[in-house]
Amino acid sequence: MKNFKSLALMLAFILVVGVLAACGGSNSDEEATDNSGGESSGDSGSEEVSGPVAIDGSSTVFPIMENLVYTYSQEQPEVNATVNSSGSGGGFKKSTKGEIDLSNASREIKEEEMAQAEENDVQLEPLTLAYDGLSVVVSAENDFVDQLSIEQLKQIFLDSSEATKWSDINPEWPDETIKIFSPGHDSGTFDYFNEVILEENPMKEGENTTLSEDDNVLVRGIENDPNAIGFFGYAYYAENKDALKVLGIQDGEDAEAVKPSGDTIQSGEYTPLSRPLFTYVNVNAYKEKAQVRDFVEYTLNNAGKAAEEVGYVALPDEKYQEQLDTVKSWAE
Amino acid sequence: MLGQNEQGIKKRMEGRVLLNKILMVLFFLATTVGLVFLVLLFYRVLTQGIGYLNWNFITSFPAPYPEKAGLWAGVMGSIFLMLIVAVFAVIVGVSTAIYLEEYAKQNKFTDFIRVNIQNLAGVPSIVFGLLGLTFFVYMFNFGYTLIAGGLTMALLILPVIVVSAQEAIRSVPSEIKEASYGMGASKWQTIARVILPASIPGILTGTIIALSRAIGETAPLIIVGAATAIFTLPDSLLAKYTVMPIQIYNWTGRPQEEWQYVAGAGIIVLLAILLLMNSIAVIIRNKYQRRL
Numbered sequence: 001m002k003n004f005k006s007l008a009l010m011l012a013f014i015l016v017v018g019v020l021a022a023c024g025g026s027n028s029d030e031e032a033t034d035n036s037g038g039e040s041s042g043d044s045g046s047e048e049v050s051g052p053v054a055i056d057g058s059s060t061v062f063p064i065m066e067n068l069v070y071t072y073s074q075e076q077p078e079v080n081a082t083v084n085s086s087g088s089g090g091g092f093k094k095s096t097k098g099e100i101d102l103s104n105a106s107r108e109i110k111e112e113e114m115a116q117a118e119e120n121d122v123q124l125e126p127l128t129l130a131y132d133g134l135s136v137v138v139s140a141e142n143d144f145v146d147q148l149s150i151e152q153l154k155q156i157f158l159d160s161s162e163a164t165k166w167s168d169i170n171p172e173w174p175d176e177t178i179k180i181f182s183p184g185h186d187s188g189t190f191d192y193f194n195e196v197i198l199e200e201n202p203m204k205e206g207e208n209t210t211l212s213e214d215d216n217v218l219v220r221g222i223e224n225d226p227n228a229i230g231f232f233g234y235a236y237y238a239e240n241k242d243a244l245k246v247l248g249i250q251d252g253e254d255a256e257a258v259k260p261s262g263d264t265i266q267s268g269e270y271t272p273l274s275r276p277l278f279t280y281v282n283v284n285a286y287k288e289k290a291q292v293r294d295f296v297e298y299t300l301n302n303a304g305k306a307a308e309e310v311g312y313v314a315l316p317d318e319k320y321q322e323q324l325d326t327v328k329s330w331a332e
Numbered sequence: 001m002l003g004q005n006e007q008g009i010k011k012r013m014e015g016r017v018l019l020n021k022i023l024m025v026l027f028f029l030a031t032t033v034g035l036v037f038l039v040l041l042f043y044r045v046l047t048q049g050i051g052y053l054n055w056n057f058i059t060s061f062p063a064p065y066p067e068k069a070g071l072w073a074g075v076m077g078s079i080f081l082m083l084i085v086a087v088f089a090v091i092v093g094v095s096t097a098i099y100l101e102e103y104a105k106q107n108k109f110t111d112f113i114r115v116n117i118q119n120l121a122g123v124p125s126i127v128f129g130l131l132g133l134t135f136f137v138y139m140f141n142f143g144y145t146l147i148a149g150g151l152t153m154a155l156l157i158l159p160v161i162v163v164s165a166q167e168a169i170r171s172v173p174s175e176i177k178e179a180s181y182g183m184g185a186s187k188w189q190t191i192a193r194v195i196l197p198a199s200i201p202g203i204l205t206g207t208i209i210a211l212s213r214a215i216g217e218t219a220p221l222i223i224v225g226a227a228t229a230i231f232t233l234p235d236s237l238l239a240k241y242t243v244m245p246i247q248i249y250n251w252t253g254r255p256q257e258e259w260q261y262v263a264g265a266g267i268i269v270l271l272a273i274l275l276l277m278n279s280i281a282v283i284i285r286n287k288y289q290r291r292l
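Chains as they are written, first to last, in the UniProt record's numbering: chain A, 1 to 332; chain B, 1 to 292.
Hints listed in this document are in silico derivations from the structure and should not be mistaken for laboratory results.
Glycine residues also receive a C-beta, built at the ideal position from the N, C-alpha and C atoms.
Take the hints with a grain of salt, since some may be wrong.
Straight-line distance between alpha carbons at most 20 Å, and here's what the computed SDA-like set of lysine to any residue pairs gives [to be verified]:
| no. | chain 1 | residue 1 | chain 2 | residue 2 |
| --- | --- | --- | --- | --- |
| 1 | A | K287 | A | Q155 |
| 2 | B | K68 | A | G311 |
| 3 | A | K94 | B | L133 |
| 4 | A | K305 | B | P64 |
Residues from chain A shown here face chain B by an in silico Cβ test under 10 Å; the list is partial [said to hold, decoys possible]:
| no. | residue |
| --- | --- |
| 5 | E66 |
| 6 | E99 |
| 7 | D214 |
Distance windows between CB atoms, simulated [to be verified]:
| no. | chain 1 | residue 1 | chain 2 | residue 2 | range |
| --- | --- | --- | --- | --- | --- |
| 8 | A | N284 | B | T110 | 51 to 61 Å |
| 9 | B | M139 | A | V283 | 26 to 36 Å |
| 10 | B | A30 | A | E205 | 50 to 60 Å |
| 11 | A | E308 | B | T31 | 51 to 61 Å |
| 12 | B | V123 | A | E256 | 30 to 40 Å |
| 13 | A | E213 | B | N119 | 23 to 33 Å |
| 14 | B | T252 | A | E162 | 32 to 42 Å |
| 15 | B | N116 | A | E141 | 49 to 59 Å |
| 16 | A | A331 | B | I79 | 19 to 29 Å |
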């Protein structure tokens, strides 16, 4: 009797799981019909399209995408677009399997990710949505430093350098320990800094280095400490201009130091810390799903405005047009 | 002689009375630590968020502008998710507890299961996220959907429910159980009509604590693919969804200061729903307690 009851309990459990799994199967059919429905309703931008658009990736790019999806959903209410923000790497993990349509990234795709995509027969093509100027900042209370050269940045941030005090960088600067505030090692922002300044060498770690995935934590840390230095996206500096001082970056010995601003970032004058923000399009999804095609074209037509609204720098108009032409040629 | 003795007793008594007083003050201070921080939290959240809290905030979808942003997708997503979690975790959790307490033989294997369930309660939530990704998202092929998120969260809180249900079942006086057997009732009849009604208050308390934990969790849901911005409500178990903590987390990370206030308003709504949920459960619990 006892055995029979535990057996029945077990069977009931298996049944529940089985039914749920069966539901899973039927949904993929549903989605498939959804997609074909979207396709038949034509491919010109003005017509009504429907179906899901799945977007994931960088949290840096997220505000631009959210802005675009929000305005797009008012024009095309039948399209069900969702934006996740699991980081550039998290996005590529899904897009290289073909699970999502657009993969936002604040860095270029890595070789191993590209290989992964090829293995799964997924073709990913980057679109540049906007520029961000990675800003190196100190507290507004800091009165001795206004600009730094790339060499000095390396001295400050590289683990292999001996410099731990401001006076080690420049004898005229105070004999105080440098406090570093940096985005966490998983973020695309750190990846970019690591690539162009540190050239993939390890950054300083330990008691004088604070890492955080939340850029607002970095802002709070730097603004109260005249000996602190850190870096993050331009929007975080722009919102805290009163409390922070942005440093000019001198690229090369004879070059003049340039501070990040809308103009210097767009013109490319602020180098090497201007970085493009991407979304990688799944080309097959673009070809097969009318709603993805429509949304990608909408994105390129409106990304500049969206980027500026959320604090990034738009590309020159002709660059969006060029990309739009490229994208349209995929469908042919 | 007598006086001296009395004095000695008095002296020692004074020491004990003093110690008692000191400890009372210390215990009272310990109680206030929690209270003070709770009040501080409420104060900070209320002063920050109240300006953005209005009916529109609750009933709007996410938006790129702080004045227009809303929590509706998160509110409904969280409620649907909690329904799935509650149904699944309570049924499986209470069944497990009944089996372990009433049916299972007291041997090493049962002990092994018990210890492991208790250990499971201490496993970090992110691990459950990875578990959910492997099993529900990929193996069962649910994709990044409500049911995958719900089952993951149900697994996360299952140990808490099992352990509290076990405690509740164990605390039912054996006299009542024996009386039931004495009347000729079978084991199942005893469980259904005597043990379960008597242990429902305890089970509900555990469930409330567990669900409160689940409604505030973010990490495992990000892994099993809850969206951050979504403009539709889930219409089936296999729809995409988002939950309140994910939306709030996203707002706190924005550079513009206004978003911090929007996040504050979100936290107020989250707390209000949590309190509402708890008070419903407390009402049910009190009703059953009276009946016994």
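Structure-based check of each hint:
1. A:K287 - A:Q155: Violated, at about 49 Å.
2. B:K68 - A:G311: holds (18 Å)
3. A:K94 - B:L133: Between K94 (chain A) and L133 (chain B) the Cα gap is close to 12 Å, so the pair holds against 20 Å.
4. A:K305 - B:P64: At roughly 12 Å apart (the allowed maximum being 20 Å), P64 (chain B) and K305 (chain A) satisfy the hint.
5. E66: holds (4 Å)
6. E99: holds (8 Å)
7. D214: holds (6 Å)
8. A:N284 - B:T110: 51 to 61 Å: holds (53 Å)
9. B:M139 - A:V283: 26 to 36 Å: holds (29 Å)
10. B:A30 - A:E205: 50 to 60 Å: Check failed, 37 Å falls outside 50 to 60 Å.
11. A:E308 - B:T31: 51 to 61 Å: holds (52 Å)
12. B:V123 - A:E256: 30 to 40 Å: Cβ of V123 (chain B) to Cβ of E256 (chain A): about 56 Å, so the range 30 to 40 Å is violated.
13. A:E213 - B:N119: 23 to 33 Å: Cβ of E213 (chain A) to Cβ of N119 (chain B): about 29 Å, so the range 23 to 33 Å holds.
14. B:T252 - A:E162: 32 to 42 Å: holds (38 Å)
15. B:N116 - A:E141: 49 to 59 Å: Because 55 Å falls inside the window, the suggested range holds.
16. A:A331 - B:I79: 19 to 29 Å: The hint (19 to 29 Å, Cβ to Cβ) is violated, given that A331 (chain A) and I79 (chain B) are roughly 41 Å apart.
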